[in-house]
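Number of protein chains: 2
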Amino acid sequence: MPRVIIVGGVAGGATTAAQLRRIDPDIDITIYEKGRDISYGNCGLPYHIGGEVKERDQLIAATPESFMERDIVVRTYHQVTGIDADKKKVQVKDILNDRTFDAEYDYLILSPGGAPRTIPALLDVPQAFVLHTLENLDEIKAHMHNKTIKHAVVVGGGYIGLEMVENLVHRDIDVTLVHRSENLYHPLEPDMSAFIVDELAAKGIDVKLNAEIVEVVGDTVTLSTGEEIDAQMIIAGIGITPRTDFLRNSNVVLNEAGYICVDQYGRTNYKDVYAVGDAIETSYQHLDHPVNVALAWGAHRMAYIISNHISGDKAARFEGLLGTNIIRFFDHDIATLGLQVSELDSYPHFVIDHKQKNKAGYMSDSVPIHVRLHVSKSDGKILRAAVVGTEGVDKRIDVLAAHIRLGGTAMDLANIEVAYSPPYSSPKSVLNMVGYKAIEKMKKLKE
Amino acid sequence: MPRVIIVGGVAGGATTAAQLRRIDPDIDITIYEKGRDISYGNCGLPYHIGGEVKERDQLIAATPESFMERDIVVRTYHQVTGIDADKKKVQVKDILNDRTFDAEYDYLILSPGGAPRTIPALLDVPQAFVLHTLENLDEIKAHMHNKTIKHAVVVGGGYIGLEMVENLVHRDIDVTLVHRSENLYHPLEPDMSAFIVDELAAKGIDVKLNAEIVEVVGDTVTLSTGEEIDAQMIIAGIGITPRTDFLRNSNVVLNEAGYICVDQYGRTNYKDVYAVGDAIETSYQHLDHPVNVALAWGAHRMAYIISNHISGDKAARFEGLLGTNIIRFFDHDIATLGLQVSELDSYPHFVIDHKQKNKAGYMSDSVPIHVRLHVSKSDGKILRAAVVGTEGVDKRIDVLAAHIRLGGTAMDLANIEVAYSPPYSSPKSVLNMVGYKAIEKMKKLKE
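One line per chain: the protein sequences are A and B, in this order.
Under the UniProt record's numbering, read the first sequence as residues 1 to 447, first letter to last.
Under the UniProt record's numbering, read the second sequence as residues 1 to 447, first letter to last.
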């Protein structure tokens, strides 16, 4: 019976284990997880703080015990510290017992995820946290229980930062958002993200742009601007780095940034070593261009592909990712897909910018949606899309994702027969109109 | 300068006229409209009665005067009573002056629309109305202004009927819905539409199934069941028939049901006679199977194609229709596309039935969505889709429309990289899961 070792038991690893077991009742599966927990919905962590997820345990999809019942061996507090892919074994550190041992595999699945970045000034600050794991959540909840939080600082205006701001406000905590550059939420082009500052102001949330924390003494947070802020809690959400140091001395190929390179079956350069989750490098789905996307959709898709591949079904292949993403920020929805703005330069393109009501304009609750496409001049391919609004943004980005995946161009958007009724769309929907604009633009380019 | 005559000035005709003028500032355009108004949003009429469309005039996209300013000649109360396509002229009846004349064209665009069906018992009943035109709306509003409406009867449980029920309830009018068969809203399969009866009951709305109006005397409505209902207003929404009698003696080809047959450019069998709107027969987009879809999306798309074609741009082609449609009924959204249930027999198929929360299940406001696909056994093509829920239905039907249009199969739905964040989806979205179920089903069929 083949032995499968899985490194990391959160999203990618746990899902692969569960799928493998579903396909094959007999295969030997062991998960080594360096932390306390496995298989929880870490995207949901901020929403438990805000109260939209009522019970903490709703975030837990599987426990070591429930996996054990399905004959999946789970070793928590066990960190894989090295691998020997030629000899097909891993080195495991049993953290609680401070011992190390080797374990042999027939198939190895790497799902180490990312490590949250920190800043030096927050090291050893007792009220400073990240929110990356269920353990982090429990620490934060305990801190909020034990201490009166009059004011909190959130560091970083990315998606974790914005979600934390919103959820702390839902808990009636005063928040200051500290962001080191001029523009919040870098997945969005600066002119489109400018509304976030207005939204923060409208909600009475203090924001410090072009600022960093340089020192924390007691409850006093000192910024690089010289300002001092009183804060009983600090939460940093400033991105992750792939947790792949343990692979540095192996022959598993990593890219320059440390992400694990995989093929369409999720295999590394070793045919029996797979990788899944936030620490892999893949390619854009619509372009021959490498990308890493630390989001759950790709992890779940790759888990399916790897588990099927190991079980002998080679039909499912990973198509790469568009990086489709969305966040809610109070009343707004913000979604993008495709290339980052910084990656667009090497692709000759034009821009379609379009604002239209989300439903028939005569409906009293209609609201505007703003769509911006970056479109390849040569063939009309949609290189990048950004959509912002207060209703119906998720619909438009998902339609774009389905459309681009099957080769649909910007012009072709005119042809999508959306469901029209006044509460949902105009007869020429937002995306149809974007398509018509692209057709006009292309005609002009050819003149 | 070519002369264009357009028969019918509502959705299809008015949109074609406006587009033609936009493309060509000089072309000669005349619209003959038998009614009082042109270019109003008739899908929005019910919502003005309910109050979601605040001002009646918001429903008007263009007036005869505004078209005249753009050098589009508009003749209202002018009915085209016959055409001679070989001699390229139409016979026009000037209704107000009771005279008839001929008009010659180089291009003729037929947009006659449909005539609302009636039932004999409602003929000459002063409080009985249909809601098909802006004139109808004005009549109904005048009636509601002049008479106290304690109780209204809506006839027909199709989309107009359901929209009218909801909008009258929003006006605090007691309503009885009379529907002649066992099942409401026939676009949906009976077991999926059963909830509508529960929803009516929950809102305290009386419904009479398997019933028809046989007589109205004063305010007393007598049903085929013998029941009597007191009603100060009766609104019938029981479908339309194509208004193509004026073509019966022409050589323009109609199908058996009286719909005008057109090609991918919107042309009839005469190369200079086009047709658009509710009275045309087209083909399903995904199947070689005729269909007529009396909805606005197709009319707007065809208006674009016809106006471009007349102007010399032959690039845009009508791809046929999926019949993507949606209605809101109180808190529910109901959407379908593709074949009618009654048309499925000739296509060997299997059914995927799937219920899943619209967003991460741990979010306290997550609600279920029900998706049912009818899938071709031979190739996995999605023949028909139905989606019901209280949130996010419009997103799923639009994604399906985009997906099917570009040849995506049911299995292929697993690959759509939707935007995931807990407020919007699960990492494996509703449609992804439908795809995974289809993959399993297909595997079993091949075993």
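Treat the hints with caution; some may be incorrect.
Any copy, or any two copies together, can satisfy a pair, since identical chains are not distinguished.
[Unchecked claim] Once the Cα atoms are required to be at most 20 Å apart in a straight line, the calculated DMTMM-like pairs of lysine to aspartate or glutamate come out as:
hint : residue 1 : residue 2
1    : Lys357    : Glu391
2    : Lys357    : Glu52
3    : Lys441    : Asp230
4    : Lys203    : Glu135
5    : Lys141    : Glu199
6    : Lys314    : Asp412
7    : Lys141    : Glu104
8    : Lys203    : Asp71
9    : Lys54     : Glu319
10   : Lys437    : Glu256
11   : Lys93     : Glu189
12   : Lys88     : Asp138
13   : Lys377    : Asp412
14   : Lys203    : Glu343
Keep in mind that the hints were calculated from the coordinates and are not lab data.
* Can you tell me if lysine 314 and aspartate 412 fall within 20 Å by alpha carbon in one copy, between copies, both or neither? -> between (32 Å within a copy, 15 Å between copies)
* Asked: Which holds for lysine 88 with aspartate 138 at a C-alpha limit of 20 Å: within a copy, between copies, both or neither?
  -> Neither, since 36 Å and 80 Å both go past 20 Å.
* At 20 Å max between alpha carbons, let me know whether lysine 54 reaches glutamate 319 within a copy, between copies, both or neither. => Intra 36 Å, inter 48 Å, cutoff 20 Å: neither.
* 20 Å Cα threshold - placement of glutamate 256 relative to lysine 437 -> Intra 40 Å, inter 39 Å, cutoff 20 Å: neither.
* Check lysine 357 against glutamate 391 for me: Cα-Cα at most 20 Å, and say if that holds within a copy, between copies, both or neither. => both (10 Å within a copy, 19 Å between copies)
* Between copies, within a copy, both or neither: which fits lysine 141 and glutamate 104 at Cα up to 20 Å? -> Close neither inside one copy (39 Å) nor across copies (80 Å); limit 20 Å.
* Asked: Between lysine 441 and aspartate 230, at a C-alpha cutoff of 20 Å, which is it: within one copy, between copies, both, or neither?
  -> neither (53 Å within a copy, 59 Å between copies)
* To do: Please work out whether the CA atoms of lysine 141 and glutamate 199 approach to 20 Å or closer within one copy, between two copies, in both situations, or in neither?
  => neither (27 Å within a copy, 41 Å between copies)
* First find the shortest C-alpha distance between lysine 93 and glutamate 189 inside one copy, then the shortest across copies, and answer within, between, both or neither for a cut-off of 20 Å. => Neither: 44 Å inside a chain and 58 Å across chains, both beyond 20 Å.
* **Copy assignment of lysine 203 with aspartate 71, given that the CA separation must stay at most 20 Å** => Neither way: lysine 203 and aspartate 71 sit 50 Å apart in one copy and 50 Å across, limit 20 Å.
* 20 Å Cα threshold - placement of glutamate 135 relative to lysine 203 -> Neither. Shortest intra-copy (30 Å) and inter-copy (46 Å) distances fail the 20 Å Cα cut-off.
* Asked: Checking lysine 203 and glutamate 343: alpha-carbon separation at most 20 Å within a copy, between copies, both or neither?
  -> neither (33 Å within a copy, 54 Å between copies)
Checked against the numbered hints given earlier, this structure breaks hints 3, 4, 5, 7, 8, 9, 10, 11, 12 and 14; the rest are met.
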